[in-house]
Amino acid sequence: MSDLERDLEQELHRVLDAVSARPIPPRRAGHAGFGWRAAIGGAGTALTIKVLTGVAVAAAAVTVAGAVTTGSLNPEVWGQQLSDRVVNCKQQIANSGQHGIGDCVSPFASQHGATVSSAARHHGSGNGDGNGNPNGNGSSNGNGNGSVNGHDKDKAKDHSPPAKNSSP
Amino acid sequence: MGGTPGAAEQPATERYEPGSDADFERLYRNTYRRILGTLVTIVRDVATAEDCAQETYERAYRGWARWRPEAPVEAWLHRIAINVAISDRRYQRLRQVGEVIKRLGRPAPGPDPAVVAERSELVEAMQKLPPKQAAALVLRHYHGYSNREIAAALGIPEQTVASRLAAARKHLQAVLGG
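Going down the list, the protein sequences come from chains R and S. Using our numbering, read the first sequence as starting at 28 and increasing by one per residue. Using our numbering, read the second sequence as starting at 1027 and increasing by one per residue.
Because the hints were derived from the structure by calculation, they are not lab data. Do not rely on the hints blindly, as some may be mistaken.
Derived CB-CB ranges, DEER-like [said to hold, decoys possible]:
| id | chain 1 | residue 1 | chain 2 | residue 2 | range |
| --- | --- | --- | --- | --- | --- |
| 1 | R | Ser29 | S | Pro1183 | 19 to 25 Å |
| 2 | R | Asp30 | S | Pro1044 | 39 to 45 Å |
| 3 | S | Ala1188 | R | Arg41 | 23 to 29 Å |
| 4 | S | Ala1048 | R | Ala48 | 24 to 30 Å |
| 5 | R | Glu32 | S | Thr1186 | 15 to 21 Å |
| 6 | R | Gln37 | S | Ile1182 | 23 to 29 Å |
| 7 | S | Ala1200 | R | Arg33 | 15 to 21 Å |
| 8 | S | Gln1118 | R | Pro52 | 18 to 24 Å |
| 9 | R | Glu32 | S | Arg1070 | 20 to 26 Å |
Here are some chain S residues pointing at chain R (derived, C-beta under 7 Å) [stated by the list, open to error]:
| id | residue |
| --- | --- |
| 10 | Tyr1058 |
| 11 | Gly1063 |
| 12 | Trp1093 |
| 13 | Leu1191 |
Each residue gets a CB set at the ideal place from its N, CA and C atoms; glycine is no exception.
Can you make the complete structure from the sequences, with help from the hints?
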C-alpha cells in the first residue's frame, strides 16, 4: 500500500467515523426530499397546472359550446319551446294563407340567441371572435335554427376548407 | 485493510425477505451509517448527505419487493446512493448558477463555523472529484471493498474500477500535494 493510500484511509476514517457515529435518524417515509423538490419546483408543478387548467378550460368550453349549439343552457327546454313555436307558426300561416314560417319563427330565435350569447359571455369565453351576436341571425328558412354565433353568410366563406395542395 | 466491514464482511446470518417492511427497517439500521459515509465524500456537506441517504432508502423501498436475495444488498444500496448523489450534484450545480446570479454585486457570506469544523481537505477534494471516482475511492479505502465487489456494486467492469481509482488518486495527489 502506498503512502497516499494509507493517508487516504486514515483521513477517511478520521472524518467519516465521526459522521457515522451520529445516531441513526428515523427513516423518512413517503415522498419527501427530491420527490417534493421536483414536484414543487420542477416540471411536476408545470405539468399539474397545465392538466388542471386544461380540465377547467375544457369543462367551461363544453358548457358554453353546449349552450351556444343548442340555444339554451337547458337544451331540452329550448328544443321544446322551438317545437311549440314552429307548430304555432304553421297553424298561423295555414290560417292566413302565407307561405313559409321563417318570419314567424325568426323573432323567437333571435330573442333566444341574444339570451344565450349573453350567457356565453358571462361564462368568460373571452375569445374575441364576436360569437353571440345579440341580434341573432335567426334564419328564415323555417327550421327555426336561430343562429347565435354571429357569423353572417359572408363570414361563413372564411370557414371553407383550404384548397388541397396538389404538390407531392 | 482496516476499513469498516465491507460487503464481503457482512454477517452471513443477515438475511432479508424482499418486500418485508420489518426486514427493510432492519436493513436501514444495519446499513445507514455506511451509506451515509459514502455519500459524505460525494456531496457537498453532511446535511446534504443525510438528505441523500433518506432519498436512497426511499428509492430502495420502492424497489424492495423486486430486490433479489441473491444480489448483495449493500452493493445494491450503494448503487442507488451513488445515483442519488449524482442527481444531487446536478441539482446543486443548477442551484449554484441561480445563487451566483442572485449574489452578483453583494459580498459573499462568511463560512459557517459548524460546517468548517466537519470539513477536511481530503473530503473537500473528494467532493470535487467526479462522483463515480469519489464513490470508488470511498468504497475501496473506507469500506474495504475489493475492486471486484465495487465492480459488482456499480455494475461496471473491474478494469473500469481500477482506472477510476487510479484517476482519483492521481487527482488527489495533485490537489493535496501528496
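Against which earlier hints does the structure fall short, listed by number upward?
12 and 13
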